[in-house]
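Required output: the full structure, derived from the provided sequences and hints.
Respectively, the protein sequence lines represent chains A and B.
Just so we're aligned: the first sequence equals residues 44 to 266 in our numbering.
Just so we're aligned: the second sequence equals residues 13 to 189 in our numbering.
Relax, there's no trap hidden among the hints.
Residues of chain A clear of chain B, computed beta-carbon distances all greater than 10 Å:
#1 I155
#2 V163
#3 P213
Output of the computed footprint for chain A on chain B, the stretches with three or more beta carbons under 8 Å from beta carbons of chain A:
#4 31-40
#5 55-61
#6 75-87
Hint data in this document are derived by calculation from the structure and do not stem from the laboratory.
Just so it is clear, CB atoms sit at the ideal spot from N, CA and C, and this is done for glycine as well.
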Amino acid sequence: MSGGVFMLVAGRDLRLAGRRRFEALLPVVFFIVAASLFPLGVGPEPQVLRQIAPGVVWVCALLAAMLSLNTLFASDYQDGSLEQMLLSRHSAIFVAAGKALAHWLLTGLPLILAAPVLGVLFDMHATSILIMVAGLLLGTPVLSLLGSIGAALTLGLRSGGVLILLIVLPLCIPVLIFGAGAVGMVDMGLSASGHLSLLGALLLLSLVAAPPAAAAALRISVS
Amino acid sequence: MKPGELVWLRGQNGSGKTSLLRIVAGLSRPEAGSISVGGGRPGAYIGHANALKDDLTVTESLSFLARLHDLDSGAQGIRDALRTLAIHHRRHAIVRTLSQGQRRRVALARLALEREPSLWVLDEPFDALDTHGIDAVNRLLAGHLARGGSVLLTSHLALSLPPDLVTELQLPVEVAS
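What follows is the structure, encoded as structure tokens:
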């Protein structure tokens, strides 16, 4: 039944996002606009663009994922919904996990779908684009899961948005390194399996550790 | 607290009424002492905030709260609960369009879904309600007490329940310090 709460919370957040489509689209719009500015800034040289593309896409994805983190629990906290979620007979871990899933579906998944377009814009090879998408598929859920801890810890604090960045960004650096590194390996003619395996390991670790940590942080913030 | 008992928690502003209710609900921890609630936790807690989402409809909001607390979330049950608080005519309205009193009615309609004789913890349940709303909540409370439930509430308004059902508990001002 606790799994039902996981889906209930995620489903409600998706429905709410559907009612505020403009706000829901902001992260992916930011992602595309920010990444599109780089060719204008560094010049149209295909070799240079191809070289910087993985880093640019991953940094823009990271910043886009951070963009909506400060609202992850904030509105539920303000209108009393979060109290009701924590008082339900189900573990708060499923609530935190449901919120992280909704964040990934609304932020990470659109970024993954938009990434191949940016890959073409940066003149990346098809294999590199494929590996970049695979990396994003493994890495963006980690960003949402780690972000949920930061969002829960800074709930109700002034300047919480800045604090989230300070807490979460350093934790996300390995994802950035392995994600961009995987594409770099393919470009050098080497296998990206090591980098992708490490991203997979980070995802598993985040899946196990982040929801309990976020749930504990929520309880502290609400009390 | 005994089954069928309603405790009316009273005190000046800042005397700690809401803090005490949050402790009983399990949202906060006491600095000293302990709280023991039969079944582990209260059956329902409704605080100052209504726990409604502006962008959902009344039915969607109440249905979410019902499913969250394992209550009857069927269409008929939700409609009946809203009818208890005389707000069923707005069941398809977006919460954003409701007045404060109507929002309070929707939040309190959740109590009409409760079937167990548990402890209800209510922080100023009559806030923003008109006389008809207050009467509806009083009927809900009386019904809950009659089936052996108990209620701990704060209210700045005088309760219109039979005096033998109500126990007043005045918080001393010192609690605030």
